[in-house]
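A.B. asks: Residues per chain, in single letters:
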Amino acid sequence: MSQAALAARPADVALSAQRPDWLAHTILCLGVLLFALPVWLVFAGSTQDSGAITRGDLSLLPGTDFSAYAHVLTQGTMGTEPVWHMLLVSGAMAIGIAGGKIVISILSAYAVVFFRFPFRRTAFWIIFITLMLPVEVRIIPTYAVMSDFGLINSFTGLTVPLIASATATLLFRQVFVAIPDELVEAARMDGAGPLRFLRDILLPVSAANIAALFVILFVYGWNQYLWPLLVATDPGLDTIVIGIVKMIGVETQTEWSAVMATAVLALLPPIAVVVLMQRWFVAGLTEGEK
Amino acid sequence: MDRRTVFEGKLLPILLVLPQLLLTVFFFLWPAGQAIWSSLTREDPFGLGSTFVGLDNFTDLFTDPLYLASIIRTVIFCAAVSVLAMSIALLLAVFADREIRGRAIYRTLLIWPYAIAPAISAILWLFVLNPQVGLLGRWLNAHGIPWDYTINGGQALFMVIVASAWKQVSYNFIFFLAGLQSIPRAVIEAARMDGAKGWHRFRTITFPLLTPTTFFLLVVNLVYAAFDTFGTIYALTHGGPGKDTETLVIKVYRDGVVNLDLGSSSAQSVILMVGVIALTAIQFRFIGRRTNA
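The listed protein sequences derive, respectively, from chains A and B.
Residue numbers for the first sequence follow our numbering, beginning at 1 and rising by one.
Residue numbers for the second sequence follow our numbering, beginning at 1001 and rising by one.
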């Protein structure tokens, strides 16, 4: 989207040669600061003495002491797992959910678009309905079903129930519907079977969509809070988001610099994914709207 | 949804669609059905069995001043979060859409907060606004402005609104910017030549053309504020002090998981489901699609 929109603006070059647009720069800088400052504050705090922070001496100037990072990574804080373990659980959960959603959504969208089978529309509508039932609205009954399956406190329970995705299925359906009939015809004449067509034509064609969706779903999986809170009470399954909230639970004796170091570590992976894959991500996110 | 050329075969497509269907049935439809069923029953005091009570749980809820207060609180919270997150995002998008130096860098620096988890946003704001350790919270107290969101309900509500809206600005920014970029240059140029300037041009030309984006975002933001902010609120205040930040979702969790009142909690879940279905239906009726996971 952005490439085409930008190309359609011949005035670009001429305008940027004019004097700087100070109002725009001021407002955008304020916006950037609005987001950067709280994160900077937490980074600065992670390098300062915990006792000083408790006394109210948190400063915007970072210190030089990075030992809080080594400490939380290897040992965690009082009563929590070490942070490396939480990062591992979060990473596995995010990748599991993103990968799982993408795979089963591609398969079901492929079936719905390229085949005619009994109850095709019913299947589509059943999947579609999940749009309307986020975890938050079915807390208790979902917990009951999970315990019937014996999935409480298991990694399977943490990931698999979140893998069903109407959004991803709808997105891939949209991509597949737009594929020209001629391409399907040609593939068939070349003797490509359905699975070969999926592998050799559909997957390469939708690579950009898959990348975009991966970013969105990775962030979705990494950021889960209510679901792990509900189905995993075993500290060995604490994600980093769960773990950090536990750390601030005992406010009187919180090791603040440790909490701040953990916050920075919790932020880095999803931010890295968003920034590194920004181009696909932005296009993929807004594309569904057109 | 129909195309002319399709592959033959019945078994293969059924196998392909099966994993998704099974997950949906077991983890979405079944729990939803259970929620509806237990919303119509009541557990006996010993938790040994339950009896069918019809719509009693619902009438109880809608005559319970605490529940009604929670509804009003949720509406205020959602409206405040949506308006705040959308207006800041729109302001930034309008200026990021101008042809200025460093445009790409500004965009990246405004897009990354999309990655912040709601619960982590709460932690970040704790270090800004906590009365003991927070930079700003401490400053307020030192300058004669009593600030403590752990005992003052209004301040607690303000804090969860700020932390929730802050995290959502990036998402709105991405969509507003895409919306602005899809407005044909010729339209803006024509308005410029007719002498429409700055604010006037924005109000009469740009903003009306953004209506579909604005409406889409309004629905997404309301759903976000109503449901996804559980982590933010729970991490910061647990719904307190008292019940001052207890939104409907926090109440379902407190009543069901903490206080184990299954009938009432299920009835509340059903009410929320009706709410989401209504919002989703409105969205599809007017726009066509929603794009969050």
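Hints listed in this document are in silico derivations from the structure and should not be mistaken for laboratory results.
Hints may be right or wrong, so weigh each one.
[Said to hold, decoys possible] Part of the chain B face toward chain A, derived, beta carbon under 8 Å:
id, residue
1, W1112
2, P1113
3, P1118
4, V1162
5, G1231
6, V1258
7, N1259
[Stated by the list, open to error] In silico negatives: residues of chain B with every beta carbon more than 12 Å from chain A:
id, residue
8, L1016
9, G1033
10, D1060
11, R1098
12, G1154
13, L1157
14, S1170
15, T1213
16, F1230
[Claimed, not checked] For each label pair, taking beta carbons as the anchor points, the in silico distance ranges come out as:
id, chain 1, residue 1, chain 2, residue 2, range
17, B, S1087, A, V177, 52 to 60 Å
18, B, A1142, A, V103, 52 to 60 Å
19, B, A1079, A, A92, 35 to 43 Å
The model shown is predicted, which means the values in this text are computed figures rather than measured ones.
Glycine is no exception: its CB is placed at the ideal position from the N, C-alpha and C atoms.
A.B. asks: Give a verdict on every hint.
C.D. replies: Tested hints:
Nearest Cβ of chain A to the Cβ of W1112(B): about 5 Å, under the 8 Å cut. The hint holds. Hint status for P1113(B) relative to chain A: holds, with the closest Cβ pair at about 5 Å, below 8 Å. Hint status for P1118(B) relative to chain A: holds, with the closest Cβ pair at about 7 Å, below 8 Å. The interface hint given for V1162(B) is violated, since its Cβ lies 10 Å from the closest Cβ of chain A, which is over the 8 Å cut-off.
At a threshold of 8 Å, the smallest CB-CB gap from G1231(B) to chain A is about 3 Å, leaving the interface hint in force. A cut of 8 Å between beta carbons decides the hint on V1258(B): the least distance to chain A is about 11 Å, and the hint is violated. Of the supplied interface hints, the one on N1259(B) is violated, with its beta-carbon coming no nearer than about 11 Å to a beta-carbon of chain A, more than 8 Å. L1016(B), annotated as away from the interface, has a beta carbon of chain A within 12 Å; the closest lies near 4 Å.
Distance to chain A contradicts G1033(B) as a non-interface residue, since its nearest Cβ pair spans about 8 Å, not more than 12 Å. Taking the minimum C-beta to C-beta distance to chain A, about 17 Å, the non-interface status of D1060(B) holds against the 12 Å cut. The claim that R1098(B) lies off the interface is violated: its Cβ sits roughly 5 Å from the closest Cβ of chain A, which falls inside the 12 Å cut-off. For G1154(B), the non-interface assignment is confirmed: its Cβ lies about 21 Å from the closest Cβ of chain A, beyond the 12 Å cut-off.
Against chain A, the non-interface label of L1157(B) holds: every CB pair exceeds 12 Å, the least being about 19 Å. S1170(B), annotated as away from the interface, has a beta carbon of chain A within 12 Å; the closest lies near 8 Å. At the 12 Å boundary, the C-beta of T1213(B) falls inside the reach of chain A, the nearest C-beta of that chain being 7 Å off. In this structure F1230(B) is not separated from chain A by more than 12 Å, as the shortest Cβ-Cβ distance comes to only about 5 Å.
Checking the proposed 52 to 60 Å range against S1087(B) and V177(A) shows it is violated: the Cβ atoms sit about 36 Å from each other. Taken as a hint, the range 52 to 60 Å holds for the pair A1142(B) and V103(A), whose Cβ atoms sit roughly 55 Å apart. Look at A1079(B) against A92(A): about 38 Å separates their beta carbons, and that is inside 35 to 43 Å.
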